[in-house]
Amino acid sequence: MPDRPYVAIVDYGLGNLFSVRQACAHVGLDVAITSDATTILSADGVILPGIGAFGDAMATLRRLDLVGVLRDVAASSTPLLGVCLGMQLLATESDEFGRHPGLDVVPGRVIRLAAQNDRGRLKIPHVGWSAIHPARPGAWRGGLLEEVAEGAFMYFVHSFHLETCAGGVVVATTRYGDTEYAAALTHGSVFACQFHPERSGLAGLSIYRAFAARVRTRRAEGVHAG
Amino acid sequence: MSVRVIARLDIKGPDLVKGIHLEGLRVLGRPERFARHYYEEGADELIYMDVVASLYGRNSLFDLVSRTASEVFVPLTVGGGLRTLEDIRTMLRAGADKVAINTAAIGRPEFIREAAQAFGSSTIVVSIEAIQRGEGAWEAYTDNGRERTGVDAVAWAREAVALGAGEILLTSIDREGTGRGFDLELTRTVADAVDVPVIASGGAGRAEDVLEVVLAGHADAVALASIVHYDAIDRLADAAEAVTGNTEYLRSRRTFSVVTPASIAEVKSGLLARAVDCRPVARA
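Residue numbers (my numbering), protein chains in the order written: chain A, 1 to 226; chain B, 227 to 510.
Note that these hints are calculated values from the structure, not bench results. Warning: the hint list may mix true and false statements.
Stated by the list, open to error - Over the 12 angstroms line for every Cβ pair with chain A, so calculated as not near, a few chain B residues:
1) V291
2) E336
3) E365
4) E411
5) D460
As the list claims (entries may be wrong) - In the DMTMM-like style, the derived pairs of lysine to aspartate or glutamate whose C-alpha atoms are separated by at most 20 angstroms in a straight line are:
6) A:K123 / B:D503
7) A:K123 / A:E96
8) A:K123 / B:D418
9) A:K123 / B:E385
10) A:K123 / A:D65
11) A:K123 / A:E180
12) A:K123 / B:D421
Said to hold, decoys possible - To give an idea of the chain B side of the interface with chain A (calculated C-beta under 8 angstroms), a few residues:
13) G321
14) E393
15) D421
16) R505
We put the CB at the ideal spot given by N, CA and C, even for glycine.
Working from the sequences, and respecting the hints, build out all of it.
Structure (structure tokens):
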């Protein structure tokens, strides 16, 4: 194991790996871009990025034998950050181009974004900046959104979103036209967001900074335990 | 939904350049310095366009994209001379979040489908350069408005979206660099014809033009060049250093009386004052 804490960025052939890596570098995190199970399981933190189609992504994760690995990480105390498609993959299943099973870390399904306003149907994909709000008072306290101002704008690019009935999982919501949906969720050591914090300016970088702090804490605890 | 205000940087070799109708290019300074400035003052995205790439058959922005993406944490779209899936992959690896394609897509529309399948629609922006050909009709051009294609710009926008384009970057060559305002009719026609976001580009001469193209042109986003570049030059003492061309004319200002410079922050204040939703400028 390297002496310094490191984060495994899961490389399954899709996604904005460069910008995720740059955001990690900006907050002082070493990274390994990898699809190797051992490297992922021994990392101090794991990032599941992603752009692209749900079904293709799950097929690749199965081929790489990473489904069980990622479920293990999610069930452990290792901080796991899911971004965009990386959040959706945590759901039970998705309706994107047919029905596909997901990692089933968070009970819920991924459904098509269908929004309208008084001028008619809104454009899909939703590309742009939207304000995020706490799902309930105090939902950001002690979490990765702690340093983010309520109503801060984040950068979204997506056509689908995760819908869950699990109580307390959703910590931030956003709105596109008349549709309100989950912008971020937490579940154990998992934090996942539909937006791209690595492309959301200073507000987004504060999420990476908070993630880095957790990774270092996890490392320190791990060293003590060892 | 909020309107995106995007800074567009046309690049030739190592320099940020600006022309009129995409011709008669003048050197303004080092692109990464301008890019950082726009990021810091609240630009929602950046576009880098290699304006001579198609001429030479390659995009030379790889190193510049890498440097920029490591210090600018908003989306970066890169276009110019991208002809193959490998070209796109290389640019995404360098740090681009999206790519803009034009010449290669018009030459072979299936390229859009292949690129969207390989990288996701949201990564593929189809750039359309339009010149008006009579009432309510525009022709698509390539190579920065140098080459005719005979293709109707509005029909091409529809086809590009059907093939998988995630966004349309729509540049009016007639208005580009003139400061006469966006081509509202062109923008509205294309924005209403497709169900993906349309970025209006070309013609902004003052902050009010942005409001107009959003309200009357139905633009989902605006790309600004001259008005923000000439504002930035005043604010960036070091911007014009180390450029390869003569920048004396910049100080004379004669050429640019058509444009009333405005910062990204001023443009956004103008939108918010008229209740047009956009990301407010956050101060560190």
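Results of checking the hints against the structure:
A beta-carbon of chain A is positioned within 12 angstroms of the beta-carbon of B:V291; the least distance is around 9 angstroms. With a cut of 12 angstroms on Cβ distances, B:E336 stays outside the contact zone with chain A, its closest approach being about 19 angstroms. The claim that B:E365 is not at the interface with chain A holds, since no C-beta of that chain comes within 12 angstroms of its own (minimum 25 angstroms). No Cβ of chain A approaches the Cβ of B:E411 within 12 angstroms, the least distance being about 18 angstroms, so the stated non-interface status holds.
At roughly 24 angstroms from the closest C-beta of chain A, the C-beta of B:D460 stays outside 12 angstroms, upholding its exclusion from the interface. Between A:K123 and B:D503 the alpha-carbon distance is near 16 angstroms, which keeps this suggested pair within the 20 angstroms criterion. For the suggested pair A:K123 and A:E96, the alpha carbons sit about 17 angstroms apart, so the restraint of at most 20 angstroms is met. Pair hint A:K123 plus B:D418 holds up; C-alpha atoms about 10 angstroms apart against a cutoff of 20 angstroms.
Distance restraint check for A:K123 and B:E385: the Cα-Cα separation of roughly 16 angstroms lies within the 20 angstroms cut-off, and the hinted pair is therefore satisfied. Pair hint A:K123 plus A:D65 does not hold up; C-alpha atoms about 36 angstroms apart against a cutoff of 20 angstroms. The straight-line distance between the Cα atoms of A:K123 and A:E180 is roughly 15 angstroms, inside the 20 angstroms bound, and the hint therefore holds. Distance restraint check for A:K123 and B:D421: the Cα-Cα separation of roughly 5 angstroms lies within the 20 angstroms cut-off, and the hinted pair is therefore satisfied.
At a threshold of 8 angstroms, the smallest CB-CB gap from B:G321 to chain A is about 5 angstroms, leaving the interface hint in force. Checking B:E393 against chain A: minimum C-beta separation of about 6 angstroms stays under 8 angstroms; hint holds. For B:D421, the shortest C-beta to C-beta distance to chain A is roughly 6 angstroms, which falls under 8 angstroms, so the interface hint holds. A hinted interface residue such as B:R505 counts as satisfied when its beta carbon comes closer than 8 angstroms to some beta carbon of chain A; here the least separation is about 4 angstroms, so the hint holds.
Hints 1 and 10 from the earlier list are contradicted by this structure; the remaining hints agree with it.
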